[in-house]
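Participant: Now for the letters of each chain:
There are 2 protein chains.
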Amino acid sequence: MSDIKVRLTTASVITKMVSMVRWKPGAADRLRSAALELFHERGFEQTTAADIAEAAGVTERTFFRHYSDKREVLFGGQDSLRQLFVDGVAGAPAEWSAAAIVEHVVQSIESYFDADHRSSSRVRQAVIDANPGLQERELLKMASLARATAVAFGERGVPEPQATLAAESGVTVFGVAYRQWIADEEESSFAAIVGEVFGELRAVTKG
Amino acid sequence: MSDIKVRLTTASVITKMVSMVRWKPGAADRLRSAALELFHERGFEQTTAADIAEAAGVTERTFFRHYSDKREVLFGGQDSLRQLFVDGVAGAPAEWSAAAIVEHVVQSIESYFDADHRSSSRVRQAVIDANPGLQERELLKMASLARATAVAFGERGVPEPQATLAAESGVTVFGVAYRQWIADEEESSFAAIVGEVFGELRAVTKG
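Sequence order for the protein chains is X and B. Residues 1 to 207, numbered by the numbering used here, are exactly what the first sequence covers, in order. Residues 208 to 414, numbered by the numbering used here, are exactly what the second sequence covers, in order.
Source of the hints: derived by calculation from the structure; they are not laboratory data. Treat the hints with caution; some may be incorrect.
[Stated by the list, open to error] Straight-line Cα separation of at most 30 Å, DSS-like style, residue types lysine-lysine; simulated pairs:
| no. | chain 1 | residue 1 | chain 2 | residue 2 |
| --- | --- | --- | --- | --- |
| 1 | X | Lys70 | B | Lys348 |
| 2 | B | Lys348 | B | Lys413 |
| 3 | B | Lys277 | X | Lys141 |
| 4 | X | Lys141 | X | Lys70 |
| 5 | X | Lys141 | B | Lys348 |
Given these sequences and hints, build the entire structure.
Facilitator: Printed below as a string of C-alpha cells:
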C-alpha cells in the first residue's frame with residue numbers, strides 16, 4: 001500500500017518535471033519573441049505584460065513566472081553575461097596575464113552570440129535604441145558588467161589600475177563587437193569580430 | 208547735455224559690469240562650496256537649494272541664476288569637460304593619429320584639475336559615491352562624454368571602430384586617473400597620473 005503510493009507519487013513527480021522541462025524553455029522563448037515583436041511594432045512603453053502573454057498564447061501569470069517585468073525580457077540576458085565574464089576571469093589559468101584573460105573571456109562568450117540569435121538581437125537593439133530610458137538602462141548594465149569584471153580581476157590578485165583597465169577594455173571591445181555583429185548584412189562570427197576589434201584597440205592605444 | 212548723459216551712462220554701465228564681474232564668480236564659487244559642504248554633512252537628498260543659498264549668504268533666486276538645480280552643482284563641470292574633449296579632438300593637428308590625439312587631450316585637461324580643486328573634488332566624489340542616483344548620473348555623463356568624443360573623432364575622418372575605441376579608451380583613462388588623483392594623500396599632478404595610466408592601458412591591451 002505505502003509502496004504503491006510512493007511509486008505513484010514518484011511517477012507523478014517525474015511526469016510533472018518532464019512537463020516543466022519541456023514547457024519552460026518553450027514558453028520563455030515564445031514570450032521573448034512575442035515581446036520583441038510587440039516592442040518593435042508598437043513601442044516599448046505601449047506594450048504591456050498582458051499584451052505579451054496574449055500574443056504568446058499564455059497567461060499573464062505565466063509571463064511573470066519567467067520575467068519579473070517587461071524590461072527583463074530585454075535585459076535578463078545581461079545578468080547571465082555578467083556571470084560569464086566573472087566566471088571566465090575567475091577560472092582562467094593562474095599564469096595568464098590580464099591582457100590574455102580579457103581577450104579570451106570576450107572571445108569565449110561566442111556561444112552566447114551564435115548565428116541563431118543574430119536577428120533577434122537586431123530587433124532587441126532597435127527597441128533599445130528607440131527609447132532613451134532603455135538606452136540609459138543598457139549603459140548602466142554595461143557599467144555594472146565592467147565593475148563586476150574588475151572585481152573578479154582584483155580577486156585573482158590583479159592590482160589597480162590594471163584590474164579596472166582590463167575590465168573596461170574588455171567591455172568596450174564587447175560593446176563595439178556586438179554592434180558590429182548585429183550590423184546589417186554582417187555575417188562574420190562574433191569571435192572573429194572580437195579578434196579584429198582587439199587588434200584595433202591595440203592600434204588605437206599604442207603610444 | 209547729451210554728452211554728459213552719455214558719459215554718465217557709460218560710467219554707470221562700467222560700474223555695473225565691474226560689480227557683475229566681481230560678484231559672479233564669487234557667488235558661484237561660494238554656492239558650490241556651501242553646497243558641497245551641506246551635501247557632505249546632511250546628504251544630497253536632505254539639502255535644498257534654499258539651504259545652499261542661505262549658507263552662501265545669497266538669495267535662492269541667486270542660486271538659480273547660477274545653477275538650474277542642485278544636481279548641476281555636482282555635474283555642471285562635466286559639460287565643460289565634454290567641450291574640452293570635443294574641442295581637443297577637433298583642434299588637433301591633421302597628421303596626428305587617434306592614439307596621439309586621445310593621449311594629448313586627456314593630458315591637456317590638467318588645467319581643469321589643478322591642485323586647488325583637488326580637495327573640493329574629493330568632497331564632490333564622496334557625495335556622489337554615497338548616493339546611487341548620483342552614481343547613475345555620473346555613469347551616464349561619462350557615457351555621454353565618450354559618445355561626444357567618438358563623434359568628434361568621426362568628424363575628423365577617423366572611421367569606426369577606431370573612433371569609438373579611441374574615445375572610450377580616453378574616457379576610461381580619464382576616469383581611472385581622476386580616481387587616482389583624488390585618492391587620499393595622492394600628490395602627483397593630474398597629467399603625471401594620466402601618463403602612467405595610459406602606460407598601464409597599453410600593457411593591459413597588448414596581445
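Participant: Work down the list of hints and note, for each, if the structure agrees.
Facilitator: Here's how the hints hold up against the structure:
Between Lys70/X and Lys348/B the alpha-carbon distance is near 26 Å, which keeps this suggested pair within the 30 Å criterion. Taking the CA atoms of Lys348/B and Lys413/B, the gap is near 29 Å; set against the 30 Å cutoff, the hint holds. Of the supplied pair hints, the one linking Lys277/B and Lys141/X holds, its CA atoms being roughly 26 Å apart against a limit of 30 Å. Taking the CA atoms of Lys141/X and Lys70/X, the gap is near 16 Å; set against the 30 Å cutoff, the hint holds.
For the proposed pair Lys141/X and Lys348/B, the alpha carbon gap of about 15 Å is at most 30 Å, so the pair holds.
The earlier numbered hints are all upheld by this structure, with none contradicted.
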